[in-house]
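Start from chain C and add chain E according to the hints.
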Amino acid sequence: MGETILSLKNINKSFGPIDVLHDINLDVRAGEVLCLLGDNGAGKSTVIRLLSGVHKPTTGTMEIDGKAVSFKSPRDASDAGIATVHQFGGTFPLMSIGRSFFVGVEPTKGFGPFKIYDRKKANAIAVQAVQSFGITRIDDGDRLVGGLSGGERQSLAIARAVHFGARVLILDEPTAALGVKQAAHVLRIVNEAKRRGLAVIFITHQVMHAMAVGDHFAVLIRGAIAADFRKGEKTREEITDLMAGGETMADLEAQIETYMERHDGHPPQPA
Amino acid sequence: MTIISSIGGLLRRPEAGAFLGLSAVLIFFGIFGGVTFLQPAGMASWMNVAANLGVIAIPVGLLMIAGELDISVGAMVPFGAMTVAVISGHFGLPIWLGVAASLSFGVLIGLINGYMVIRTAVPSLIVTLGSLFAVQGVVLGLTVLITKSTSVALTVEGPAKTIFGDFFFGGQVQVMVIWWLAITAAYIFFVHFSRFGNWIFAMGGDKVSARNAGIPTERMTILLFVLSSTSAAFVGMCQAILYNSAQVAGGQSFIFNAIISVVVGGVLLTGGFGSIIGIFFGTITFAIVNQGIYYTDFDRNWSSLIIGVLLLLAVLMNNTFRKMALAYAPKKGAK
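Here the protein sequences line up with chains C and E, keeping their order. Residue numbers for the first sequence, in the working numbering: 1 to 271. Residue numbers for the second sequence, in the working numbering: 1001 to 1335.
Okay, chain C solo, but in the shape it has when bound (with noise of 0.2 angstroms):
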């Protein structure tokens, strides 16, 4: 088990009036996916927020490496080594690989004010970063991002994220909007990055693709903690009985059979 490097200390977020989240305990470890699964409105993607700088926590501390720490801008999480990659990959469509991946930070050759942008060298690191990860179909850094398969541009943003010093990654749903196969690339590339020491957040309510990679599990429900448990101490149905908010699918199955039952096997119309 690799050591703490972000915590979560008794956050409580609110909005005006509405506390979006109660009491956040979390601890994030280096080699260590930690799957923050939730149904929709859980509170997921305010976490995301708080720890990638977009909003500060109402009450409670942040800490990394033990160090209370509080981010004003998310370039200031950027900076202490959080990246988040969102569900699109956070990438720009109409750019090449190689510009893309060096935004902000494009390498130039020559001096003075006739700098030029270093469009072999930007290619040829962006290629053999996401190559690391795996992926070996992308070998031309002229291509366009908008180009590339869903789970390319996921592994193209990880491997840019990487390359960029992150200790910590934060999977915003990455594989939602996936197909089987490029979900089961992502999830590898998610493994690859536990491999190489960074602590993984990965945010999904696909319980499958959570419990191939998790290590440690937290359920947020109504902006709370529900249950926070280890690899293997709970079954997939336990987990997404706990999502569906403790009403069990079980439960549901058999109200839909009654109902069959006493309608002449109609299903309940959708309200």
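Everything labelled a hint here was simulated from the structure, so no lab data went into it. All values derive from a computational prediction rather than experimental measurement. Glycine included, each C-beta is placed from N, C-alpha and C at the ideal position. Hints are supplied without guarantee of correctness; some may be wrong.
Anything over 10 angstroms on all C-beta distances counts as not near chain E; from chain C, calculated [said to hold, decoys possible]:
hint	residue
1	Gly-31
2	Thr-58
3	Ala-68
4	Pro-74
5	Glu-106
6	Ala-254
7	Glu-261
When the alpha-carbon atoms are kept at most 25 angstroms apart in a straight line, the in silico DMTMM-like pairs for lysine to aspartate or glutamate are as follows [as the list claims (entries may be wrong)]:
hint	chain 1	residue 1	chain 2	residue 2
8	E	Lys-1207	C	Asp-79
9	C	Lys-109	C	Asp-76
10	C	Lys-115	E	Glu-1218
11	C	Lys-9	C	Asp-76
12	E	Lys-1207	C	Asp-118
13	E	Lys-1207	C	Glu-173
14	E	Lys-1207	C	Glu-257
Per label pair, the in silico range of CB-to-CB distance [unchecked claim]:
hint	chain 1	residue 1	chain 2	residue 2	range
15	C	Val-69	E	Met-1324	42 to 50 angstroms
16	E	Leu-1111	C	Ala-224	35 to 43 angstroms
17	C	Gln-255	E	Leu-1316	22 to 30 angstroms
Structure of chain E alone, referenced to chain C:
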């Protein structure tokens, strides 16, 4: 093999549509108008139009690549012209003072536009629509107040005339053509070879990601608005010096003409895609259609029809080429 792949490479570039459009209008007017418009006199007529338009179209195109729009250029042209005419013509102060004031007002309006866009988050179309009318009002109001007229004469001699508003090559080509070519070369360097260009494309692709990547998006936005409104003031100023007078009206045509040149040039309206050389071709294409009609037997009233059709064709073509660029993946082992 290499020829085919390099043609394919050309088609995937943003300026592909503009290049084909330019070829098409050259052929069209070559057939219907003879080659006279490619001879010096004809060249001069469309080069002058292209130069005045191009100096404005490129910064407008950069704003579009960055996901913004500036239509206040339509008021900045007469503003720039009137400023220099009132200061150096009506009051008879030194021409350099008029030039400096004209450009300073360009910078000022650009700063106001840019600041309003980043502070209010109102779409830049609306912000600059507001400043378009506001500046028009200021120009008309102040000019009539100061000079009791809507047209002000200006006589310029010496180096200022040579630099900003003279003809050369036998009195047909405006000095603006040289400015246009030099400015285009400078933009090509900054947009496609320096790192700042990458920032502009990133801003148009996804402003939030661009800011998170450490790009000073707000400063860049203000800078681009300053560039476009100063360029428009510059063109107005040069026209006043060239024609020895300035009118309060006029300049409106620059709004749509610049946007047409930029879109024909392959810039994506929603930002993130385009090229300077494409805008350059787009401007020439527009100017040739605009002027070429005089060399044909057609009534010149038809030129708007041609421009409209051309615009639609260009947009459709550019969409196709963009899809090709997106779908492009090198064949295995075809390096």
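Quick rundown of the hints versus the structure:
no.: 1; hint: Gly-31; verdict: holds (26 angstroms)
no.: 2; hint: Thr-58; verdict: holds (23 angstroms)
no.: 3; hint: Ala-68; verdict: holds (23 angstroms)
no.: 4; hint: Pro-74; verdict: violated (5 angstroms)
no.: 5; hint: Glu-106; verdict: violated (4 angstroms)
no.: 6; hint: Ala-254; verdict: holds (45 angstroms)
no.: 7; hint: Glu-261; verdict: holds (52 angstroms)
no.: 8; hint: Lys-1207/E / Asp-79/C; verdict: holds (19 angstroms)
no.: 9; hint: Lys-109/C / Asp-76/C; verdict: violated (28 angstroms)
no.: 10; hint: Lys-115/C / Glu-1218/E; verdict: holds (23 angstroms)
no.: 11; hint: Lys-9/C / Asp-76/C; verdict: holds (19 angstroms)
no.: 12; hint: Lys-1207/E / Asp-118/C; verdict: holds (23 angstroms)
no.: 13; hint: Lys-1207/E / Glu-173/C; verdict: holds (21 angstroms)
no.: 14; hint: Lys-1207/E / Glu-257/C; verdict: violated (50 angstroms)
no.: 15; hint: Val-69/C / Met-1324/E: 42 to 50 angstroms; verdict: holds (47 angstroms)
no.: 16; hint: Leu-1111/E / Ala-224/C: 35 to 43 angstroms; verdict: violated (48 angstroms)
no.: 17; hint: Gln-255/C / Leu-1316/E: 22 to 30 angstroms; verdict: violated (54 angstroms)
Comparing the model with each numbered hint stated earlier shows that hints 4, 5, 9, 14, 16 and 17 do not hold.
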